[in-house]
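Student: Sequence:
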Amino acid sequence: METIRLTTAQAIVKWLLAQRTIVDGQEVGVFAGVFGIFGHGNVTCLAEALEPVQDRLPTWRGHNEQSMALAGVAYGKAMRGRRIMIATSSIGPGSTNMVTAAAVAHANRIPVLLFSGDTFQHRIVDPVLQQVENFGDPTLTVADTFKPVSRYWDRISRPEQIIQSLPQALAVMLDPATRGPAFFALPQDIQAEAYDYPARFFEPRVHYIRRPGPDPRDIAAAADLLGGAKNPMIIAGGGVHYSAAVPTLTDFAERRRIPVVETVGGKATLVHSHPNYAGPIGVTGSAAANAVAEVADVV
1 METIRLTTAQ AIVKWLLAQR TIVDGQEVGV FAGVFGIFGH GNVTCLAEAL EPVQDRLPTW
61 RGHNEQSMAL AGVAYGKAMR GRRIMIATSS IGPGSTNMVT AAAVAHANRI PVLLFSGDTF
121 QHRIVDPVLQ QVENFGDPTL TVADTFKPVS RYWDRISRPE QIIQSLPQAL AVMLDPATRG
181 PAFFALPQDI QAEAYDYPAR FFEPRVHYIR RPGPDPRDIA AAADLLGGAK NPMIIAGGGV
241 HYSAAVPTLT DFAERRRIPV VETVGGKATL VHSHPNYAGP IGVTGSAAAN AVAEVADVV
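Residue numbers (my numbering): 1 to 299.
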């Protein structure tokens with residue numbers, strides 16, 4: 001078996017570059033770029049691996065970990081989950097600054113990949129700068145604060161673990177049912193540890209976001225309901241955007257003369273001047289949309 005000897009950090013970056021997808025008919029990288037603030041937790045390994053590949057995976061220096069990670073979340077939303085940004089921080093408070101961004105991505109099911117430096121696994125150097133000193137549990141670090149707000153979380157304690165963990169994380173981020181932030185804690189010594197990785201691990205792979213169609217029986221049942229409805233209403237959510245279904249929704253609403261109301265995630269599914277647009281619905285919505293909902297017999 002052909003192998004390539006790399007540090008863990010170098011292998012991570014090489015694998016990231018090999019992940020491809022199709023956007024608007026063109027093959028591009030799944031990962032569009034990196035926002036980073038580099039300190040002792042990530043500069044000598046991950047940053048070193050990123051520097052020579054900036055022509056393919058550009059890295060931009062952030063000024064605040066929360067804002068740069070939030071920018072990554074915004075990019076994932078703007079791209080409708082088809083491409084993903086990366087954010088990386090050092091350890092300690094620099095890492096915890098990204099927790100809010102992870103929570104935003106988690107609540108809104110938006111993919112973003114977060115890398116944080118972590119304490120030395122060998123524990124010979126202990127404590128280190130900005131380490132959380134929990135004397136009752138030496139395995140606990142600030143990286144654990146990401147667990148409740150991550151769709152995928154892992155601490156890499158051996159170089160070879162990324163062979164399984166990275167593809168698993170990407171599968172989570174690209175699946176509309178599980179999509180959200182993936183977080184990796186990268187201990188400083190493990191980032192620098194070398195391993196003979198299988199060459200096939202770095203072979204380019206094109207990923208597709210699965211779009212399972214509805215059950216025909218559900219379509220038939222919905223058609224029967226709409227056929228007998230006097231005051232139907234459509235609630236448009238964020239899935240309309242992520243499925244690139246705005247033209248389909250617009251055409252259907254126009255032909256059937258059905259009013260469309262929107263959730264927060266579904267904003268701009270119809271332009272506000274469209275005759276079928278009735279406004280946002282719910283407690284933070286509009287009186288018009290809620291009035292339409294009050295008399296609707298099929299939603």
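Hint data in this document are derived by calculation from the structure and do not stem from the laboratory. Do not take every clue at face value.
The calculated SDA-like cross-link candidates involving lysine to any residue, where the alpha carbons are at most 20 Å apart (straight line), are [unchecked claim]:
#	residue 1	residue 2
1	14	192
2	14	199
3	267	246
4	147	100
5	77	241
6	230	293
7	230	241
8	77	268
9	267	176
10	267	104
11	267	280
12	77	93
13	14	60
14	77	271
15	14	104
Student: Work down the list of hints and note, for each, if the structure agrees.
Tutor: How the hints compare with the structure:
1. 14 / 192: 15 Å, holds
2. 14 / 199: 11 Å, holds
3. 267 / 246: Roughly 11 Å separates the two Cα atoms, so the pair holds.
4. 147 / 100: Since the Cα atoms of residue 147 and residue 100 sit roughly 12 Å apart, the hinted pair holds (cutoff 20 Å).
5. 77 / 241: 9 Å, holds
6. 230 / 293: Holds - the C-alpha atoms of residue 293 and residue 230 are around 13 Å apart, at most 20 Å.
7. 230 / 241: 28 Å, violated
8. 77 / 268: Within the cut-off at roughly 14 Å; holds.
9. 267 / 176: 19 Å, holds
10. 267 / 104: Since the Cα atoms of residue 267 and residue 104 sit roughly 17 Å apart, the hinted pair holds (cutoff 20 Å).
11. 267 / 280: With a Cα-Cα distance of about 8 Å, the restraint between residue 267 and residue 280 holds, given a limit of 20 Å.
12. 77 / 93: 26 Å, violated
13. 14 / 60: 18 Å, holds
14. 77 / 271: 19 Å, holds
15. 14 / 104: Outside the cut-off at roughly 28 Å; violated.
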